[in-house]
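Engineer: Below are the chains, spelled out letter by letter.
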Amino acid sequence: MALGAPFRSRILSHRLLMLLAEVAVPTVAIVLWWVLSANSTSLYFPPLSTIMTSFRNIWLFSHFDSDAVPSLENLAAGFAIATVAGIALGLTLGLLPILADAVAPTVEFLRAVPGVALLPAALLLLGIGPEMKISLIAYGTIWPILLNTIDGVRGVDPVVVEVASSYRMRRQDRILRIVLPAASPQIVAGMRSALSIGITVIIFSEMIGSTNGIGFQILSAQHSFAVPDMWAGIVLLGILGYLLNLAFRGFESYLLRWHRGMQRLARS
Amino acid sequence: MTKADVMTNSLVQANVQPSFPILAVSDLSKTYQVGNNLRPVLGGISLRVDRGEFVCIVGPSGAGKSTLLRCIAGLLAPSSGTILLDGQPIHEPPPKLAVVFQDYSRSLMPWMSVAKNVTLPLRSKGYSKREQAERADEALSAVGLTDARSQYPWQLSGGMQQRVAIARALAYEPEALLMDEPFASVDAQTRSDLEDLILGVRDTFGMTVLLVTHDIDESVYLADRVVVMSGSPTMIREEITVDLPGPRDQVSTKLLPRFAELRAHVMTLIREDRVKGL
Chain C
1 MALGAPFRSR
11 ILSHRLLMLL
21 AEVAVPTVAI
31 VLWWVLSANS
41 TSLYFPPLST
51 IMTSFRNIWL
61 FSHFDSDAVP
71 SLENLAAGFA
81 IATVAGIALG
91 LTLGLLPILA
101 DAVAPTVEFL
111 RAVPGVALLP
121 AALLLLGIGP
131 EMKISLIAYG
141 TIWPILLNTI
151 DGVRGVDPVV
161 VEVASSYRMR
171 RQDRILRIVL
181 PAASPQIVAG
191 MRSALSIGIT
201 VIIFSEMIGS
211 TNGIGFQILS
221 AQHSFAVPDM
231 WAGIVLLGIL
241 GYLLNLAFRG
251 FESYLLRWHR
261 GMQRLARS
Chain F
1001 MTKADVMTNS
1011 LVQANVQPSF
1021 PILAVSDLSK
1031 TYQVGNNLRP
1041 VLGGISLRVD
1051 RGEFVCIVGP
1061 SGAGKSTLLR
1071 CIAGLLAPSS
1081 GTILLDGQPI
1091 HEPPPKLAVV
1101 FQDYSRSLMP
1111 WMSVAKNVTL
1121 PLRSKGYSKR
1131 EQAERADEAL
1141 SAVGLTDARS
1151 QYPWQLSGGM
1161 QQRVAIARAL
1171 AYEPEALLMD
1181 EPFASVDAQT
1191 RSDLEDLILG
1201 VRDTFGMTVL
1211 LVTHDIDESV
1221 YLADRVVVMS
1231 GSPTMIREEI
1241 TVDLPGPRDQ
1251 VSTKLLPRFA
1261 ELRAHVMTLI
1271 REDRVKGL
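Just so you know, the sequences run in chain order C and F. Residue numbering for the first sequence is 1 to 268, as defined by the numbering used here. Residue numbering for the second sequence is 1001 to 1278, as defined by the numbering used here.
Don't read these hints as lab results, they were simulated from the structure. What you are looking at is a predicted structure, and each value in this text was computed from that prediction instead of being measured. Check before you lean on any hint, since a few could be wrong.
[To be verified] To be clear about the criterion: a stretch of chain F counts as covered by chain C if any three or more of its residues have a C-beta under 8 Å from a C-beta of chain C, and this derived list gives those stretches:
no.	region
1	1093–1101
2	1120–1127
3	1149–1158
Every residue, glycine too, gets a C-beta built ideally from N, C-alpha and C.
All chains should be modelled from the sequences, with the hints used to inform the complete structure.
Structural biologist: The following block contains the structure:
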């Protein structure tokens, strides 16, 4: 492998460059924001330094436990329920095409109702506790998971199905070791869109019907003209969203490493 | 892989008893419904395969060879006729049969390692994890793939992937192996290697093989008996006993005048039919 070493080091330096660029762009943006807003006297766009002071005062860490943690917990619970129920229902419907066709119009109707539109009803029925938020998140996020699971299950290669029957595989092996993994790229894609819907729903539900949470903090800061506090909450949302996405990408690249590998091979 | 060792044993199998067939197909027909039209594909096929025999079914593409194989595998219900395996009628995929499909890239699970692919069918057989692993190792070493056990199938070449599929079939310990155009998707060199591999495997494991192909040379080279199918709906044109000596060799066997005669005979049968078809 005489040719390998310089080639590899070129790849490495390319990666390093990309990493630098990824760090550089947001750094430049933050520095610009900092400098341009430094002398701002606008009530609505306070200097970044002021926002950061609010951020430190509120979120590091006096309100983190009381407001950020419940938001994240509710999001996690709702998302988990939607994932489990969406995959289980999707498997059933995907394997039983007749049933899937029968419920398709109903599913399309329910899916067309945005989760946030049900907030008034959810408030009436469930109050302002965590149950309401968790239910609303589960409702809002289940659709992409359910529909992608159905699609993924229906798209399993018929050759693989023939292999499974010719080797007399047990039903649980067929489902857990063939159908689910075969459908997993689509299921995970559904989960990714569900996660961003979930963040929207949790913030919105906290703004309207809650006494705590990040959304509640943002809106109540705005109501009391504490504009830097409002921006601080928005910054926190950005950071949390970024971290959640990063974590999800890690989960995805682990679970679908075979799929990524195949795609890389097909491209090369 | 000690292919040479395996090859020297190949006359052991010559001593089979033809009296009780492992597979008996009688008057099998299959008709597909395409819209409002009925399209007969198989028109009354009768076929016997003896224990330990290597039978090749050869015929032009689209002649219903795969349909016949799928019926025998229990994957497709025939429209009429019977299939007996060891005297038992087939209604579902029988445990004594293993199928090797043509398209290895689709028949292997890309999310599982080579070893997991091979052990997957063993899970329903009640073996312990250790027994499963042992059987997989044995089968993988029989096809010369011990080193690839922890790789993903798609990381291997086409020929190696088809060897994984063969190992999966062997680990299942069937009495008969059904192969549907198993070497049609690999290059010529790999193809002849795989042909010799399957001859060796047949000898070591004393297995019955029923192989479908559209390649006339391949059918004559591999088989004890060639079944020529043609027509629409497909019928058996002729069954030809291949009286070539074993062990077969890609160079010397194919140089034999008898090989050329048999090959020419099969080709004539298939071409006659194609001319008629025009």
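Engineer: Is the listed coverage of the region 1093–1101 of chain F by chain C valid when you require three or more residues with a beta carbon under 8 Å from a beta carbon of that chain?
Structural biologist: Holds, because 6 residues of the region 1093–1101 of chain F bring their Cβ atoms closer than 8 Å to Cβ atoms of chain C.
Engineer: Would you say the region 1149–1158 of chain F counts as covered by chain C, given the rule of at least 3 residues with C-beta under 8 Å?
Structural biologist: n = 3 at 8 Å, threshold three: holds.
Engineer: Within the assertion that chain C covers the region 1120–1127 of chain F, do at least three residues meet a Cβ-to-Cβ distance smaller than 8 Å?
Structural biologist: holds (count 4)
Of the numbered hints listed earlier, not one is contradicted by the structure.
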